[in-house]
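Engineer: Those protein sequences? They're chains H and P, same order as listed.
Using our numbering, read the first sequence as starting at 1 and increasing by one per residue.
Using our numbering, read the second sequence as starting at 1 and increasing by one per residue.
Treat the hints with caution; some may be incorrect.
As the list claims (entries may be wrong) - Lysine-lysine pairs mimicking BS3-like chemistry, simulated, CA-CA at most 30 angstroms apart:
1. H:Lys292 / P:Lys47
2. P:Lys227 / P:Lys169
3. P:Lys47 / H:Lys199
4. H:Lys199 / P:Lys107
5. H:Lys32 / H:Lys199
6. H:Lys306 / P:Lys247
7. P:Lys257 / H:Lys326
8. P:Lys107 / H:Lys326
Calculated directly from the structure, the hints in this document are not laboratory data.
This structure is a prediction, so every number in the text was calculated from the model and none was measured.
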Amino acid sequence: MTAVNADIWILAEQSQGIIQRVTFELITRGLKLSAKRNCKLCVMLFGHGISDQDLQDLIDRGANKIVYLEHTDLKDFLIEPFSDAMCGIISQYNPEVILAGATTTGRTLMPYVAIKVNTGLTADCTSLDIEPETGNLIQTRPAIGGNIMASILTPEHRPQMATVRPRSTSSAENNGPRIGEIIKTSPEKLTSSRLTLVKFSPFEDKINISDADIVVTVGRGIKKKENLSIIYDLAETLNAAIGATREVVDRDWLSYSHQVGLSGHTISPKLYIGIGLSGSIQHIAGMQTSEKIIAINNDPDAQIFKLADYGIVGDLFEIVPLLTQKLRDGAKL
Amino acid sequence: MRIILPIKQVPETRKVRMDEKTGTVIREGVESIINPLDLYSIEFALKIKEHIKCEIIGISMGPEKAEVALKEAIAMGIDSARLISDRAFAGSDTWATSYVLYKAIQKIGNVDLVICGERATDGDTGQVGPGIAAFMDIPVVTYVSSLNNICPEYCTIDRTIEHGHETLKTEFPAVLTVVKEIGEPRLPTLKGKIQVKNTVIPHWNLNDLGIEANKVGLKGSPTRVMKIFRPQVTRECKLLYADDEPKMESTVNRLAKSIRDMELF
Ligand SMILES: Cc1cc2nc3c(=O)[nH]c(=O)nc-3n(C[C@H](O)[C@H](O)[C@H](O)COP(=O)(O)OP(=O)(O)OC[C@H]3O[C@@H](n4cnc5c(N)ncnc54)[C@H](O)[C@@H]3O)c2cc1C
Ligand SMILES: Nc1ncnc2c1ncn2[C@@H]1O[C@H](COP(=O)(O)O)[C@@H](O)[C@H]1O
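Excised from the complex, chain P in its bound form:
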């Protein structure tokens, strides 16, 4: 079977800045990493490969340097990768991103499973996985936390929701989005690193995917960032000290009283 992993390269969240005019992320000068939640989808696919014969292909839509993220995934053990890169893609929202990834998946063909991270730490929407599924017209299972059983036609998985775990069975093809409970991502291996040296990652652009320019980028995106602003800090912290014996009693009393006054319990 064939598994596609959409992998996003994201800026290190601690250091990002935004372009106040366009509302898009400034990526220049910021260190880039694999979206941390995509490490779990890579891990999940590699776990599947321990159970069943399969080919794992990573795809990433982004600038040329997003190739680094794909190489890292290959070093972890996936089989090959495609970089989807074109200036026309800049400014794409989740609609346009899902569409481009869908077109790439279609070009690869014969896909059984698409596994995404639950969300990307920069866009933070979690919309691309379900979006790809809708374009492909196949089922999606989000918040997948473990694999129970897999065979060439279907799999059963667990999904974590607000009140508990669901166990679901899905036919292939399907899209899954995974959460951290999948398990600790493995590290790149020596064999993987050698593999990276021997792998050429094809680059696909707008034309390669047969996409019309008005369907991607800002033009193809239904949503528009109107403005961005700093959240105003409305809280004024009252610092109460309870770091010695006499203050302890009075501070905790005050705290207990304020909690009781909220009348929540």
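Same shape as in the complex, but just chain H:
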């Protein structure tokens, strides 16, 4: 094949100068597409003070080309300079596809830029494929609270843009040095921002629920706030983050930052443990792409069991402390 196809691009995400894991997942996604379409996988990165080593790491994980725009105005995510930066990349390189994480940044920047460059965007995809001849991206996402999957095309507009649900695939690994092109530039002038970041206050919780490998999620079955101590013990033993249903958040037993579901966070951990929760449609919408699901509930007919790999029928107040103890004992062996 002689024709040169336009390339697949991903948006690398950095926070406080650290490349975020979703970037490596996007490389995994992008490599599958670029191999099939016979084109390059390119990375755009906007930030400040990213080390050469971190840029090379992206190459080593499989990218062919990195374009890094460095500017103090790109240190923290603000819509106007970031939109400027991305629109600049689009007009210079004409990507066929741009993927970004369905993170707070991706879900803000991508819809803004899609309008600016007049193209379509599909949100929160869990599966992606490409037609090798046309380059049409087949974007599949859960719709209507996960009751149904929809495959969406952007047939006539380029670039085709999609945000991808974090943790819906594995991270591309660094398998030793590779050769690739790294372009580092400092844009002279970006649109001045009418928006300014006054301050950032990190969460006190050590582990963030969207990033955690294991999330222990608790429902109304816990009965009162004081009882949460057994959940904290289990989570600590597993080094897990804590999630909650809306019932728990509405009662102020845990803060909203823990809520999983339609009106809370979407999570996709390697292991989800649901304790004393029924598995309502709205809750399931936020966790059904988890890799392994364990549910503990005293009602054998609970909806959550339909979705679980392991379902434990019994009283959480007996099971959870015993499980914590067994896990701790096991760790000592």
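With chain H fixed as given, assemble chain P with the ligands onto it according to the hints.
Structural biologist: For chain P with the ligands alone, coordinates are given in the frame of chain H:
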């Protein structure tokens, strides 16, 4: 100052069905409600009104019956509303929807703030708020969780992201999208319900907004639903009972072992 609230009427999510051919939602015969996340944007605007003099206008793009959603918002305390309705809008994706709402906002004019819900429970994209901001060429702040300070020229707000809270200051005009942390939406008041009776909601169509037909509906939408399908259930749940003393020990042992075998901690 003037605040616009784009409010979407959505089907009750538990009961929706889809047209397998076009991939669009079948709305007939399904109960409709205000997008639950838009209740928070209404609440947020009403909170702002407690601090600063302002006029709050709700807009909704949808079928004629979406007027019900706007009336409910008026009963909660917003000042007036416009219904944007035309057969030509059917099948619009987020590009076309953002465009129509933008044209309506432009027609209203002199807007300082546009406040959207974080996403709608039917489309579930969260793309319309940032889309409106891009058309208006103004800043957008998503995932807004509280208001710190507001004056006629700017406001400072908190935003919840993956690792913490950001405090941001934005000049007006701007678009905000809000999350649940804003606070419990208030209920309609008696005064509000009387207000509904005395309010006429203007209906605007394609021509009123000066929109070309090829920019909206399926024609104006860059994305196409190719197919829809039921997600296949790949999990086969092993139900283990731990509901009496003897089973407890062995079941929990098995569970602990399977968790350890995953080698995640
Ligand atoms: C628009 C909308 C958005 C929503 N968004 C969300 C959302 O984002 N996230 C969310 O979670 N919900 C959401 N909800 C609420 C949702 O519909 C459910 O009400 C909620 O998920 C139920 O929470 P739960 O499972 O903790 O409580 P319940 O449904 O009351 O379930 C409690 C479970 O605990 C079990 N149990 C009780 N005691 C014990 C015991 N001793 N041992 C073991 N098991 C026990 C019971 O058998 C039961 O299954 C939303 C609702 C609406 C309408
Ligand atoms: N048809 C519509 N009419 C009015 N507002 C809308 C419409 N569609 C979306 N919105 C607004 O945009 C937000 C996000 O919706 P969505 O991008 O569809 O998830 C909603 O919470 C509404 O505030």
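Engineer: If a hint holds in the structure, say so; if it doesn't, say that too.
Structural biologist: Results for each hint:
no.	hint	result
1	H:Lys292 / P:Lys47	violated, 42 angstroms
2	P:Lys227 / P:Lys169	violated, 43 angstroms
3	P:Lys47 / H:Lys199	holds, 23 angstroms
4	H:Lys199 / P:Lys107	violated, 36 angstroms
5	H:Lys32 / H:Lys199	violated, 39 angstroms
6	H:Lys306 / P:Lys247	holds, 22 angstroms
7	P:Lys257 / H:Lys326	holds, 9 angstroms
8	P:Lys107 / H:Lys326	violated, 66 angstroms
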